[in-house]
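Each chain is listed here by its residues.
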Amino acid sequence: MENAWLIALIPAIGFALIISFGKKMPFKGAEVGLASMAASLVVATGAGIQWIQRTDSASSHGGEEAVGGLFTGVRGALRAAEGAEAAPYIEPVVTQWVWWQNSGLEFGLGSHIDGLSVLLLWLVAFISLLVQIFSLDYVRGDRRYTHFFAALTLFSSGMLVMVMSSNMVQLILGWEIMGLCSFMLIGHWWEDAYNSHSALKAFFTVRVGDVGLLIGTAILYFGANDFAVNTLDSNGFDIRAIGAWALSGEGSSWTLLMASICLFIACIGKSGQFPLHTWLPDAMAGPTPVSSLLHSSTMVVAGVFLVARIYPVFWEGFNIANGGLSFIAVIGGITIVIAAVLAFVQDDIKKVLAYSTVSQLGYMMLGLGTGAWLPAVFHVFTHAFFKCCLFLCAGSISHSGSHHSFDMKKDMGGLRKKMPITFYAWCASTLALTGVIPFAGFWSKDEIIDNVGANGYSVLFWVGLGGAALTAMYMTRATYLTFFGEPRGAAAGIHHDDGGHDEYAIDFREEIVHAEDIDRELVMAGPAPQSLGAAAHVPGDTLEHDAEGDPAHGGHDGHGDGHDDHGDHGPHESGKLITIPIVILAFLALTAGFANPTPLAGDSLGANLGEGVELIKTYVEPRYEPVKIDQAAGHAGESVQLIESGTLLAAEDSSDEPGDSKAKCGRGTPEPGTVCYFPNVKHAVPELGKILLSLAVVAIGYMLAIGFCLSYYGKKNPKLVGLTERSKIARGGYLFLKNKYYLDILYQRVFVFFVSRPLAKATYWFNQNVIDGAVDGVGASGKATGNWIYKYIDQGLVDGAVNASGKAASETGHGLQPVQSGKVNQYGALLFGAATVGAIVLVILNVS
Amino acid sequence: MLAVNFLLLAAVLFCIGVFGVIARRNAVLVLMSIELILAAVNLNFVAFAMMNENIDGLVFALFVMAIAAAEVGVGLAMVLMIYRNRKSIALDELSEMKG
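Here the protein sequences come in this chain order: A and B. Once you know that position 162 of the first sequence is 161 in numbering that gives the first Met the number 0, the rest is easy, because the numbers rise by one and skip nothing. Once you know that position 27 of the second sequence is 26 in numbering that gives the first Met the number 0, the rest is easy, because the numbers rise by one and skip nothing.
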């Protein structure tokens with residue numbers, strides 16, 4: 000664990016190697032990428048195992064060495080639970096290298112290993128490795144193959160840097176590296192205007208949020224620095240110190256609230272919450288491996304990670320302990336619903352998945368905002384698996400099934416027979432996503448909803464349930480359009496010559512969708528696939544293009560060499576390099592939920608396996624006990640040893656109830672001489688009734704959706720077909736959704752336009768006339784003053800004085816000149832005159 | 000005999016001598032006027048010696064006579080040199096100054 004910084008360093012070196020030497024390597028750099036991710040994964044696994052051992056030996060109070068890893072851990076955790084002792088706080092392992100220091104403030108770069116970072120490090124490394132394997136086949140023949148792998152590797156390195164960071168500066172570093180790689184990768188085929196526009200949109204939207212990150216970090220620094228320096232021998236950037244300060248009661252609630260809001264604004268941008276979610280669907284312009292890695296499993300959870308990491312700040316700032324309605328929970332709840340609703344009107348399969356990601360991120364934020372820390376983090380874990388699997392399936396479909404098209408209505412349909420592996424993996428992941436027992440999503444998402452209800456937020460509880468129903472419905476729609484029904488377009492083997500160009504015409508940029516643009520050919524034309532494909536093709540040409548005449552491409556170009564391989568055979572299953580990662584992820588989507596099956600730990604489902612089954616809770620969730628300060632101080636560069644935590648204090652006031660509210664952390668000020676690192680979050684005890692309720696809601700959603708799909712798309716029920724033409728309300732609603740609530744238009748036309756035209760012009764005017772005018776004025780007045788001084792003072796006064804003195808001298812000379820006339824007689828006269836005067840003076844003087 | 004008569008005579012002689020020094024053109028005549036002044040001063044001294052019955056005045060008059068003789072010798076030598084150079088002893092022609 001001390002060398003965990005290797006996990007991030009190896010991919011960084013890999014990136015450098017790929018950039019420098021990639022094009023000359025036999026596999027064009029892909030082998031370096033794969034090797035570095037595999038090495039990273041090995042180190043991360045090792046760190047994980049060591050962390051588990053550390054937790055176990057701390058739980059058993061310095062007992063026997065844990066040699067069997069997991070099993071001893073389970074036993075140890077059981078023992079601790081039965082003994083009803085409060086579990087001690089496990090110190091994270093921190094190694095740090097100081098790269099800059101200034102008047103006692105040290106900036107460090109290193110690793111901070113605790114349960115949360117170990118979980119995410121392993122997750123990122125694992126998913127990155129699988130996606131890179133997938134890309135070997137998917138991106139083959141691309142014009143920038145080497146740079147693609149370089150950017151993917153750099154992204155992994157950046158995320159790993161962020162996850163293992165011990166202070167805010169390193170976290171921001173990793174955050175920004177990820178933003179850069181996201182920009183590079185979304186705009187991978189930047190020759191197309193839409194792609195580069197999407198990349199810019201993603202970058203700028205996230206940047207708007209990053210202002211909050213910087214301001215929040217500054218607020219936290221100034222708030223926490225005194226506390227950190229005095230009690231913990233660290234500085235105000237250290238994440239543990241910030242957490243301890245937040246829980247110590249020394250921070251004013253106003254400071255904590257401001258910091259929480261600012262940091263959460265950063266999360267809104269990065270994790271695609273309302274209102275900054277608009278960049279995620281457009282980010283689908285990047286290649287599918289990018290979507291599956293960055294924009295579903297790893298980068299977008301960076302915001303969730305931030306909240307989870309600095310949770311004490313949010314806990315105190317938004318007063319989650321007392322059930323205050325927190326900003327985070329509200330935004331999360333809104334996001335769940337609006338994104339789920341938008342997923343219904345998308346034709347592009349990747350956009351459905353993008354909105355689904357936004358919605359699931361809303362669940363995670365909802366969980367964090369209401370005090371359900373563990374379920375939210377667990378949901379990050381499981382969501383990564385099934386969402387990545389779904390995206391890879393979409394990539395597989397487009398690669399081998401629909402001839403590089405992602406449009407469900409035009410080019411897919413009936414693919415379940417042709418691509419069975421992809422179909423089964425998709426179904427497994429969909430079931431996991433919607434939360435059907437015993438798949439992974441059930442254990443995590445339903446825990447979130449359960450905890451939301453148990454912590455007292457009834458409205459949000461129903462919002463969460465409603466979101467689950469919506470999830471089932473839109474996924475069914477997507478599944479039906481893709482895998483069932485009659486094959487259409489490319490799925491039927493019909494290749495459009497240039498037909499694929501139009502697929503983004505409707506969603507291109509921020510053009511407003513009008514009623515006449517909506518493609519109704521899917522349900523209006525006859526059932527024959529040939530004419531359907533042709534009929535779908537023709538109106539495509541008349542759809543609106545961008546004013547500049549750029550065809551709206553979307554992200555499927557670039558398979559220049561790949562085209563020749565396909566020939567004319569229709570949809571088929573993809574090769575091993577694509578299907579093996581999909582199968583692995585689908586398997587994990589089925590089984591990952593058993594890492595923390597909370598209902599199985601109690602009596603609700605009939606099988607009580609004890610609390611030891613909750614592995615994630617045991618190893619990932621930080622303990623909420625106060626820690627004595629002299630043991631807590633760790634110096635930079637040393638790793639902190641295992642300690643005996645403040646069990647004395649805990650034993651005094653802990654009762655036997657789990658999750659009791661008498662424990663001090665998070666619900667009161669810790670004793671002097673101790674610090675708290677994590678608040679005491681409540682864990683809801685699952686009940687059978689609630690589990691059945693959520694399963695029933697999901698089942699209702701499925702039934703409604705299957706019924707609708709069969710009647711609308713399958714049998715083309717005349718009551719439903721053409722509803723948007725007949726009913727104004729239906730059309731209005733449909734257009735409202737198709738235009739993404741007009742938010743994109745608001746942002747582009749109003750905000751951006753306002754800044755780029757009127758505001759810029761006004762500023763330019765101000766600059767030229769006011770600022771430059773002031774400067775010119777100062778210059779001119781200086782010049783005038785100089786002139787005046789020259790004329791009157793220099794020439795007049797000073798020179799006049801000098802001239803006058805000279806003149807006085809010369810006039811004196813002139814005046815005295817006649818004395819020396821040369822006339823002897825005059826000399827004699829002067830002589831006698833002077834003598835006379837002298838005599839008179841003498842006489843006067845002597846007489847008086 | 001009243002001393003005042005001697006003093007008055009000395010004053011008159013002095014004034015005539017001063018007039019001669021200032022207003023004469025001829026250098027020799029200026030010298031002669033200077034002699035006249037000296038004589039007047041001598042007379043003054045003797046008169047005062049007689050008045051106060053002190054011998055200091057008489058002694059000083061002897062000195063004055065010696066000085067006068069020496070001075071005339073030098074003065075006439077200078078006038079001779081001037082005459083040799085300028086061929087004239089008119090004092091108003093001696094100046095070479097231009098203004």
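The hints are simulated quantities; they were obtained by calculation from the structure and are not laboratory data. Each hint should be verified, as a subset may be incorrect.
[To be verified] With a straight-line Cα cutoff of 25 angstroms, these simulated SDA-like cross-link-like pairs (lysine to any residue) come out:
id, chain 1, residue 1, chain 2, residue 2
1, B, 97, A, 830
2, A, 416, A, 575
3, A, 822, B, 48
4, A, 822, B, 92
Hint check results:
no. : hint          : in the structure
1   : B:97 - A:830  : holds, 22 angstroms
2   : A:416 - A:575 : holds, 18 angstroms
3   : A:822 - B:48  : violated, 38 angstroms
4   : A:822 - B:92  : holds, 8 angstroms
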